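Residue numbers (this note's numbering), protein chains in the order written: chain L, 1 to 419; chain G, 1 to 133.
Treat the hints with caution; some may be incorrect.
Derived contacts from chain L toward chain G, CB cut-off under 8 Å, selection only [unchecked claim]:
#, residue
1, G373
2, P387
3, V416
4, G418
I should point out that these hints are in silico values taken from the structure, not numbers from a laboratory. Predicted, not measured: the structure shown is a model, and the values here were computed from it. Cβ coordinates follow ideal geometry from the N, Cα and C atoms, glycine included.
Spelled out, the chains give:
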Amino acid sequence: MAVQSTSKPAPAPAPLDVRGDFPILRRQQDGRPIAYLDSAATSQKPRAVIDAMTSYYEYSNANIHRGVYGLAQEATDLFEGARERVARICGAETATTIFAKNATEAINLVASSWGRARLEPGDEVLITEMEHHSNIVPWQLACQATGATLRWLPVSADGELSLDDLDAVLAEGRVRLVGCVHVSNVLGTINPVQEICARARAAGAATLVDGSQAVPQLPVDVAEIGADFYVWTGHKAVGPTGIGVLHSRRELLEEMPPFLGGGDMISHVGFESSTWNELPWKFEAGTSPIAEAVGLGAAIDYLAELGMECVRAHEAWLTQYALERLGEVPGLRVLGPLEVERRGGAISFALEGIHPHDIAEICDREAVCVRAGHHCAQPLMRRLGVPATARASFGVYNEREDVDRLVGALESARSVFGL
Amino acid sequence: MDELYRDYILDHYKNPRNFGELERHDLEWHDHNPLCGDELGVHLVVDEDGRIAELRFHGQGCAISQAAASITSEELIGMRVDEIPDLSADWVMDHLGIDISPTRRKCALLSLKVMRGATGGDASWPVAAERTA
Numbered sequence: 001m002a003v004q005s006t007s008k009p010a011p012a013p014a015p016l017d018v019r020g021d022f023p024i025l026r027r028q029q030d031g032r033p034i035a036y037l038d039s040a041a042t043s044q045k046p047r048a049v050i051d052a053m054t055s056y057y058e059y060s061n062a063n064i065h066r067g068v069y070g071l072a073q074e075a076t077d078l079f080e081g082a083r084e085r086v087a088r089i090c091g092a093e094t095a096t097t098i099f100a101k102n103a104t105e106a107i108n109l110v111a112s113s114w115g116r117a118r119l120e121p122g123d124e125v126l127i128t129e130m131e132h133h134s135n136i137v138p139w140q141l142a143c144q145a146t147g148a149t150l151r152w153l154p155v156s157a158d159g160e161l162s163l164d165d166l167d168a169v170l171a172e173g174r175v176r177l178v179g180c181v182h183v184s185n186v187l188g189t190i191n192p193v194q195e196i197c198a199r200a201r202a203a204g205a206a207t208l209v210d211g212s213q214a215v216p217q218l219p220v221d222v223a224e225i226g227a228d229f230y231v232w233t234g235h236k237a238v239g240p241t242g243i244g245v246l247h248s249r250r251e252l253l254e255e256m257p258p259f260l261g262g263g264d265m266i267s268h269v270g271f272e273s274s275t276w277n278e279l280p281w282k283f284e285a286g287t288s289p290i291a292e293a294v295g296l297g298a299a300i301d302y303l304a305e306l307g308m309e310c311v312r313a314h315e316a317w318l319t320q321y322a323l324e325r326l327g328e329v330p331g332l333r334v335l336g337p338l339e340v341e342r343r344g345g346a347i348s349f350a351l352e353g354i355h356p357h358d359i360a361e362i363c364d365r366e367a368v369c370v371r372a373g374h375h376c377a378q379p380l381m382r383r384l385g386v387p388a389t390a391r392a393s394f395g396v397y398n399e400r401e402d403v404d405r406l407v408g409a410l411e412s413a414r415s416v417f418g419l
Numbered sequence: 001m002d003e004l005y006r007d008y009i010l011d012h013y014k015n016p017r018n019f020g021e022l023e024r025h026d027l028e029w030h031d032h033n034p035l036c037g038d039e040l041g042v043h044l045v046v047d048e049d050g051r052i053a054e055l056r057f058h059g060q061g062c063a064i065s066q067a068a069a070s071i072t073s074e075e076l077i078g079m080r081v082d083e084i085p086d087l088s089a090d091w092v093m094d095h096l097g098i099d100i101s102p103t104r105r106k107c108a109l110l111s112l113k114v115m116r117g118a119t120g121g122d123a124s125w126p127v128a129a130e131r132t133a
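Make the full structure from the sequences, and use the hints.
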C-alpha cells in the first residue's frame, strides 16, 4: 500500500485480497509490477482458470456428445457441467443457457433468429444511447433486413436513463424489443434493468439485457431481472476468450429458427431439410469451445467462492476510493454517476488539456494500463460531446495502490504537458 | 526533455498552425481514426499553377495527430496538388522527428490520409516503413 497523506484516517481494509491468484500480475514492466486498470475490456485470469484449461487439454480432451468411449464422456461431462454451474450462478435454467463465442455473437443470435422472424415494417427496436456497438449494430442489420425502425432511448447528462422516457416510447405501441446494457462499460452506470424489463413486458415488448459488465462484478439473477434474453461474455468475468452466454426462455427459444446450421445442432439431416436438436444444442452448431467452457466453469467457481456480494463490495470500495483520488487531480472530470451505489467499477474521465490517447501513453510509461478511445460506444461519445475518454476499470485483483499509481501517472501527464 | 512530447510537439499541439476553416475552398476532405474517434478535416485553396495557396485543418485529436497536421501544414502550403498523393508516411515521420510506436502510428498519419483524400490520392491508411530507433 502506498503511503497516504498522514492527515487521513487509515483506509478500511480491502474486501478482497486475491492479487496473488493472478499469475500475470507478477509480471514486471520496466521493473514495476503492472497496474492493470482495463478489466472492462478484458479481465485477467486466475491460476484456477488457466489450470482447468491446461488440465482439460492434458487429460480430458475429446470431442463432446455422441462419443462412446470414456474420454469423450468425460469431456462431455466437463462441458455440460460447466453449463450447469454457469446457469446456476446467474439464476438461470441449464437447458436455456446457450454458449456462444462472446456476447456479441449471442446478440447476433437473437437479432438474427428472433429479430428476422418477428420484426416487420412498422415495428420498432428501442435501444439506449449507452449501448456498446455489440448491442447496436446487430439491431441495425436486423432492422435493415426486416424494414423495422431502430429508436434510441436518450442518456441524461448525468449518464442515466429515464423511465419516463421509456414509458413514453412504449406507449406509442410499436416497440417489439427493448435492448439495454445492465452496467455501462463507459459510464459505469448500473441501469434499473428489472424495472425496464417489467415495463417493456407490460407493453408487449421483448427484452435483451447485455450483462457483459454486470456478471463480473454484481450478483446477477436473470430470473429476477426477467429479461427475455440476457447475454454476457466469459473473458470479462475472469474466464477465457472465445465463450459467451445467452440465457433465455424455453418458449422463445423453441419458436426461434436456428442461428447457425451445422453439426451438433440437428436431430435428423435429410437430403432436403433437417430437424433441430433439443435445447440448448439447437443453437450450438459445430464443435463447441470445449476448453473455453471448462475455463469458464472454473472462472464461475472462482467467483462463487469469493462470493459475488464480496466481489461487488470490493468493486464499490475501490471505485469510491478512485472517485475520491481522481477528484484531487486538477482539471479532471469524471463522466457518469458520482455515487458509488449507482455505478460499477469503470470510470471514464476527461483531463483538461490532454487528449485521452496521450494520457494512456504516459500512464503506460509507469506500467499503468488504462484504455483511451470511444470504448465501442461512438453514439454515447457524441451524446456526451467528447471524441474519446480515458477509462480506468477494476477487477477483483485491483488494490488501492493501483489507483494511487494511476493518480501519480496523471500527475506526470500534467507535468509533461506543462499543466 | 520528454522523448515523445518534445517542446515543439507540444507547441504545435497547443498552438496548431493553419487550423480552422476556409469558407471558400477548392478541395476538402474529412476522415477519422476509428480506433480512437479522432477527426480531421482539411480545406484547400489551389492557385492557377496548381499549388496549394491556403490550407486549414480542423478537428480534434491527440498531441501526435494535431502536431503532425500542424507541422506538415507548413510544408504543404506551396506544394503542387499533384505531388500530394505521392507523399509517403516516412515524409510525415521525418518532419515529426520523433519515434512513433506502432500503437500511435495512425495518429501521426491521419493528416496525410486526409491530404491524400483531398487531392485525389489513395485515401486508405498510409503504410509507414518499419523504423528503428
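Violated hints - listed by number, lowest first: As far as the earlier hints go, not one is violated by this structure.
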